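Colleague: Model the full assembly from the supplied sequences, consistent with the hints where possible.
Position 17, counted from 1, in the sequence shown is what the working numbering calls 8; the numbers after and before it change by one each time, with no gaps.
Careful: at least some of the hints might be erroneous.
To be verified - Subject to a maximum C-alpha distance of 20 Å in a straight line, what follows is the list of computed SDA-like cross-link-like pairs (lysine to any residue):
id: 1; residue 1: K22; residue 2: A(-1)
id: 2; residue 1: K22; residue 2: P55
id: 3; residue 1: K22; residue 2: G7
id: 4; residue 1: K22; residue 2: L49
id: 5; residue 1: K22; residue 2: P5
id: 6; residue 1: K22; residue 2: E6
Rather than coming from a laboratory, the hints here were simulated on the basis of the structure.
These numbers were taken from a predicted model, which means no experiment stands behind them.
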Amino acid sequence: PAVREIYAASFAVPEGFSHGTQPAPHTMVSKLGRWGLLPDAAQPVKQYDIRGERYTALLGPGGPNDVRLIHHPRM
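Modeller: Printed below as a string of structure tokens:
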């Protein structure tokens, strides 16, 4: 399988962000959207690095602003 690009997304998370699987905060969706880094119909899954932790971002059923963050904690 092709290696997926991992996008640095720490700049987009709000100050009080805590790691874990969760819906992406609205401010994060807004900032990543400006940079074209959100999952979309063409690429529904993206990989992010958030403050040294790996995340998979998935497009949810609620439309382009419904982004789910799946946390992959380091072992």
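Colleague: Hint by hint, work out which the structure violates, then give me just those numbers in ascending order.
Modeller: none
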